[in-house]
Every structure is written in C-alpha cells, then in structure tokens.
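Engineer: Given the coordinates of chain A, assemble chain B onto it according to the supplied hints.
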Amino acid sequence: MSDLDPKLTVSGLNRRTLLAASASMVGGGMLQLSPLLRSGAFAGQQLNLTIIQPHAVAGEVLKKLFQDQAGVTLNFTVIPYDQVHAQATLDVQSGANHFDVHDYWYASIGALVDDKVVVDVTDWIERDKAQIHPEDFIPSIYDAYTRVNSRRWGLPYDGDSHVLFYNTEILKRHGLEAPATWDAYYQAVKTITEKEKGGGIYGTALLGFKVPVIIVSSYANRLAGFGGRFLKDGRPDLLSEESIAAAEELVRVAPYALPTPSETAFDQALPAFLSGKVAFLEFWTDLGVRAQDPQNSKIVNLWDVSQLPVGGKNKTPVAALDAGFGWAISSGSNKKELAWEFVRWASSGEVGLKLLTTYNSGIDPTRSSTLNAPEYKSFAPKVQRAAAAAFGSALVWPTVAQTPKLLDSLTEQLALILAGQSKPKQALEAVQRAWERELV
Amino acid sequence: MNSSKAALQVDLAKSRGGLDQSRLVVAWLMLLPLLLGLLIFAIYPSIYVLGLSFTKSTLGQPFKAYLGLRNYHWLAFGGDDIFVPSLLRAAIFSICVSLVELGLGLWLAVLLASMQRLSRLVRSILLLPLMTPPVLVGTAWKLLLAPGGGLVNGKLLSLGIVDAPISFLGTQPWALLSLMVADAWQWTPFVAILAYAALRQVPDDVVEAALLDGANATAIFWKIQLPMTAPLLLAIFMLRLIMAFKTFDLLYILTFGGPGASTDMAGFAVWRTALRNFDVGTAAAETVLFAAFVSLALLPLLWLHRRVERIAS
Numbered sequence: 001m002s003d004l005d006p007k008l009t010v011s012g013l014n015r016r017t018l019l020a021a022s023a024s025m026v027g028g029g030m031l032q033l034s035p036l037l038r039s040g041a042f043a044g045q046q047l048n049l050t051i052i053q054p055h056a057v058a059g060e061v062l063k064k065l066f067q068d069q070a071g072v073t074l075n076f077t078v079i080p081y082d083q084v085h086a087q088a089t090l091d092v093q094s095g096a097n098h099f100d101v102h103d104y105w106y107a108s109i110g111a112l113v114d115d116k117v118v119v120d121v122t123d124w125i126e127r128d129k130a131q132i133h134p135e136d137f138i139p140s141i142y143d144a145y146t147r148v149n150s151r152r153w154g155l156p157y158d159g160d161s162h163v164l165f166y167n168t169e170i171l172k173r174h175g176l177e178a179p180a181t182w183d184a185y186y187q188a189v190k191t192i193t194e195k196e197k198g199g200g201i202y203g204t205a206l207l208g209f210k211v212p213v214i215i216v217s218s219y220a221n222r223l224a225g226f227g228g229r230f231l232k233d234g235r236p237d238l239l240s241e242e243s244i245a246a247a248e249e250l251v252r253v254a255p256y257a258l259p260t261p262s263e264t265a266f267d268q269a270l271p272a273f274l275s276g277k278v279a280f281l282e283f284w285t286d287l288g289v290r291a292q293d294p295q296n297s298k299i300v301n302l303w304d305v306s307q308l309p310v311g312g313k314n315k316t317p318v319a320a321l322d323a324g325f326g327w328a329i330s331s332g333s334n335k336k337e338l339a340w341e342f343v344r345w346a347s348s349g350e351v352g353l354k355l356l357t358t359y360n361s362g363i364d365p366t367r368s369s370t371l372n373a374p375e376y377k378s379f380a381p382k383v384q385r386a387a388a389a390a391f392g393s394a395l396v397w398p399t400v401a402q403t404p405k406l407l408d409s410l411t412e413q414l415a416l417i418l419a420g421q422s423k424p425k426q427a428l429e430a431v432q433r434a435w436e437r438e439l440v
Numbered sequence: 001m002n003s004s005k006a007a008l009q010v011d012l013a014k015s016r017g018g019l020d021q022s023r024l025v026v027a028w029l030m031l032l033p034l035l036l037g038l039l040i041f042a043i044y045p046s047i048y049v050l051g052l053s054f055t056k057s058t059l060g061q062p063f064k065a066y067l068g069l070r071n072y073h074w075l076a077f078g079g080d081d082i083f084v085p086s087l088l089r090a091a092i093f094s095i096c097v098s099l100v101e102l103g104l105g106l107w108l109a110v111l112l113a114s115m116q117r118l119s120r121l122v123r124s125i126l127l128l129p130l131m132t133p134p135v136l137v138g139t140a141w142k143l144l145l146a147p148g149g150g151l152v153n154g155k156l157l158s159l160g161i162v163d164a165p166i167s168f169l170g171t172q173p174w175a176l177l178s179l180m181v182a183d184a185w186q187w188t189p190f191v192a193i194l195a196y197a198a199l200r201q202v203p204d205d206v207v208e209a210a211l212l213d214g215a216n217a218t219a220i221f222w223k224i225q226l227p228m229t230a231p232l233l234l235a236i237f238m239l240r241l242i243m244a245f246k247t248f249d250l251l252y253i254l255t256f257g258g259p260g261a262s263t264d265m266a267g268f269a270v271w272r273t274a275l276r277n278f279d280v281g282t283a284a285a286e287t288v289l290f291a292a293f294v295s296l297a298l299l300p301l302l303w304l305h306r307r308v309e310r311i312a313s
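Taken in sequence, the protein lines are chains A and B.
FYI, the numbering used here numbers position 51 of the first sequence as 51, with every residue one higher than the one before it.
FYI, the numbering used here numbers position 197 of the second sequence as 197, with every residue one higher than the one before it.
This is chain A alone, in the form it adopts within the complex:
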C-alpha cells in the first residue's frame, strides 16, 4: 500500500529545507510533526484541500500552523458540507485531480470508498501507530469514521455529537429542570410555549429542514434515546418499536416548537437560542463555546447542557453521532506522502486540542486525551462534561456505500411526517422498503 517516495528522505535535504526546519524548530511548540516534516523535506510545497464551511476557522488555524512549522502551504477550498462528496468524486472522475485531501463527513465514507475516491491508509496507520496512537481515538468514533470493508480510509478530527442545550433562565421561570426523558422534554417544551408564545419565546427550536444532516439528526437523537438502531446486522431496522416511537416523539413536539420546524435550519435555530428566544436546542457540542462568546450570544452564563434524554424502555443516555468529520486522501492526489503527513498531523491530539480551544473552530473532540484535557475542561467545562458522558455509548449513522440514498429516503419521509402528510408508521414503512431495496 505504502508508496513512499525515496526522494523524500532526510538525506535529500537542501539549504532551503534546512532553513525551514530550523525556523520551525525555533518557532513555538512543534505540534506532533513527524521527523520527516520536521526535517523540512516538504518545505515550499503546497497541498490542496477541501474543507467544509463550519470548519473555515479551523482551516485558518491549520494553515498558519502548518506553514510555520513544516513550511508547507495549505490551500483550502471552503465548500458546503453536503457538497464535499460530489466535489471529491468529480475531481477524481474528471481527471482534474486538483485536491489532495478531503474533509469528509463520516457517513459518506462508504460511498467515497465505493467510488474509489479516497485511498486506503490502513498500512500507513499501522506503520505510524506509535505516533498516531489509534487507541486514543474515542472507540465509538474511530471505527465509524474510518472503517469500511475491514480497512481504514482516513483519520477522525471532528467528533460531532448532539447534546441538549437549555436556557437556564427560561427553565427557572417555570420551575423546570433539564429533562431526563423525552416525555419530560415534551412536557417542558409544551409548558414554556403555551405560557410564553405571546412574548415570542418558544419551548424549542426543532431542526426539521429537509436536509439529511438536519432533520435526520433530530430523528437520530430520539432514536438513540429510545435505544433504537438504523441498521441491525446490516439490515434496516426502521419498523422496530424504538424507531416508530422516535418518529412519534418528533411529531408530538413539533406544534410547540419555534415556527415552523419544516423551515428550521441552523440559520433560524442558532440565533433563536443565542438570543434567548427558545428554551431548548439539540445541537453539536461546539455551540457551548459560541454561547459563551459575548459577540455572538445574549445568553452568556444563562445556559447549560445535558445529555440527550432517554425514552421507552431505554434508561441509558446514548449519543447520536450526528455529523462528524475526518481527513481522507484523494485517490487522485500525486502528493500522497505529504498528504498523509498532513492527515496524521491534523488529526493528532495536540493539533486537536489547539482547535478545540479556539473560538468558532467548529471542532469537537475525537480523542480521549483531548476530551479529558485540562485545557479543554477549563475552556468549555459544561460542554466537556456532557460530551464526556455522551461518547460512552453512541448511535452511528449508516456508513455503507448506499448511505446517500438511504439518508435521502429517510429525509423525504421524515419531512412528510413533520408536514403532516404522512403518519410515522406509514412513513417508516416506506423508508424500510426503500432501504431494503438498496441493502438486501
């Protein structure tokens, strides 16, 4: 697998690379640079990468660090998160081969592998495991993000999971506490909306816009809470008691949510929560950092966070791995060795911690060491507690080659449920049929 370039060895040093290396040594801490990178062997080179919009700030940090320390320029192309797959595929399929590294959504990894868009990095991981410390990756994240057909195709760097944020001031007004069950959540939302709707305050902002990463996340949160699964032994499991209960729970709370769930995406939900107009919001853990930023938030110190509620027979909170990103090397890249050096560096614990403790980086922990790092604990204490508790058990989205189609049919039917055009059971039967067509 490994196609190491013999030219890229320490013996190939020239004056320029030596200078770059010494400059980087003098500069601040050498964040997990490999000996090869530290030697300056790649200094002066460039890498082209895709990066999703919410990670734009993280991209800037990485660019500066990598330039300073390895002398390599990172050219990021910022694209919408749902278009990485298309961009990556078209880049390889067209023969343009512009990109070297992709910031991929973990659920798309099976499809990227099936389309031969990313390269197998199993052997490189094995070779460099002493530096990578694979055992440090949070177990529920590592396999889900990187493993397809018993091989690994990337490394995680943003471990996204939803937790339940709430406005402590609103809850206090109504004598409420963070709900432990979805039923308690529904009752709290209903109470708040009924009493404060006139003043423009609602119990929750229910993310119901018809895009997989939005509406399926809302469903997955409930599915995780009820103890359900998307797939059971590789077969669709959408007609289980838990799956149907999760869909019914989604419909039940919709009338009391910020108008209107079908229209509610990030640009409606976030301002509503950060301006104190809604009491609850299921969102990714990095919202905690934004909520404490006075420039973005009117609820500084007026919020808290808990694990997602549970429902039905399930009594143990389960995190839903909604979104989550890794770095993968494009099969069209002709700088695979450098690309690998970047992937290894960018997914390391030290770089991860740097991103975790940067405002608006959009990055959440993927490693146990960063999740439990004192720096992260003091930077985002509430979120750290919720995240640490959440990652123990997790609901993983499908990561098979057919995932885009699976998520699309689920998205369509969930949208019909929320719009009142279909009943939960009837809609999930349609999803089950569509998934069986793809998988069985």
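Worth flagging that the hints you see were computed from the coordinates, not collected in a lab.
Mixed in with the good hints, there may be bad ones.
[As the list claims (entries may be wrong)] In silico lysine-lysine, DSSO-like type, Cα no more than 30 angstroms apart, as pairs:
id, chain 1, residue 1, chain 2, residue 2
1, B, Lys155, A, Lys195
2, B, Lys64, A, Lys116
3, A, Lys423, B, Lys142
4, A, Lys190, B, Lys142
5, A, Lys190, A, Lys313
6, A, Lys190, B, Lys155
Structural biologist: Only chain B this time, still in chain A's reference frame:
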C-alpha cells in the same frame, strides 16, 4: 452544326454539374461548424444521458452495470413515489405561473405602450428583477416571508390581519403559492418586455384607422392588438412554460422541496437523485422522462400556435 451544339450543351451541363458539386461541397463546409456544434453540444450529451438511463451508474463510476429498463420501471411503476408526483407538481406550477405572468406582463406591456413619457425609464426599471441573480431573489423572498422578523408577517400582524405569524414557506398551500409569487416577481418583467415588443409590431396605421372609426382603447386591444399579436404571445407563453418547468434556484433557496414534498418538482428531484444520492443512472432516466413529459405537454400548444398563426395571417 447540330452535333457541335449538342457537344456544347453537354459541356455546359458538365460544367454546371461541376459547379453544383462544388457549391454543394461549399454548402456542406459552411454547415460543418453547426453540425459539429450540434454533435458535440446536443446529440452526444443526449445519447450519453440516454445510455446512462439504462445503467446502474454513480457519480464516480458511470456505466457500472446494464439494467435495461429497470430504472424506468422503478420510477414509473416501482417503489418510487416521488418522481411522478414531482412531474405533476411541476406541471401545475409551470402552467399557473406562466398564465399569471402572461396576464400581468401583457397588462404592463399595454401600459408601457400607452405611456407618452418615461416609457424608456420604466422599461429599464422593469428589467431590474431580471438582472438580479436568482439566488439573491430567493434569499430576499426568504427574508420577506420569514415567520419571525419577516416584513410580510410584520405587516400582517401590525395591521391586525393575523394574530400569529404565518409560516409561508413551511406550510401548505402557502409554500407553493409563495414560490409562485417569487417566480412571478422575477419573470413578469421579462414577459412584459417581450409582450411590449410584440405590441409594437402592430402597425400604427391600423390602430389610427380604428381610432378614426371611434374605437376606444379596450376595443382596440381586444379586436386589433390581441388578435394580431396572439401567435407571438403564445410563443412567449411556451417559452416561459419551458423555463418554469426547469425552476430550480428558487426552489433550492426557498423551500428545498418542502414542507414534506409539497414543492418538490421534477428538476429538483433530478438534481437530488444525481448530486445528493449520486444515483446518476436513475437521474438520467428521470431526465429522459422529464424531457418526454415537457414535450408532450407542449404538443397541444404547438398545435394551437400553428392554428392561431394561420388565423392571424
């Protein structure tokens, strides 16, 4: 004498034949760029799409496996319950907006034609919505129609017409109506400008003669201008109908096909299948069905156009 005349005639015929042949060669040479253009930009892509529609193809791996008519069967008779309704929805949307835009556009054109002053300025202003990028049109309407803080809901609330904000883009039938309103806002000026150009084709002396005979403006419009411009207006209607069938940008920004599937139309469904599901084979089959459906929908209009043209001439 006769034989030399005959020989001359043969020579003439030969040279004419040679001339005809060389003219034919020149004609073909002159046609060649057009033929090449058609081959590269129309025929090859059409054959490619048709070929894809019979296969299992993804974005990364086109022509993975031959499926025969299975993609078509799945869309028309199989488990897919999205594409056929989206075709019908596209038809309803297109016919409604094209009719409304033709009516409004014609009304504006008549007003423009009757204006003595400022006609040129008004025409320039009319072009503004056309020059606005569709994404911006969508964003502007999204902000206008937002339930919280949107201008429309704000006005309705302040005037006491409603006691709670209306979710224009998140509920039925408002979502489809909102799309129609935004589309009409964007495209009515286009129709108005074309209709104005059509009205200008009516000879002034015919209108002046009618005026001398005591006809009023209404009579002139119904009895002279409308009959004389009917073929052109019908052509404008067809043009808008085809464009409206392909509406994508407004849909993408405003509703994303929702709520539920209320505004999911064929062009959007094709995009979703190809670039969100990466099922390029099925998307190609949808494209072929979509093209066939639009062509069928246009057949009666083409017949009507020929008939109106004959009557008008």
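Engineer: Does the structure break any of the earlier hints, and which numbers would those be?
Structural biologist: none
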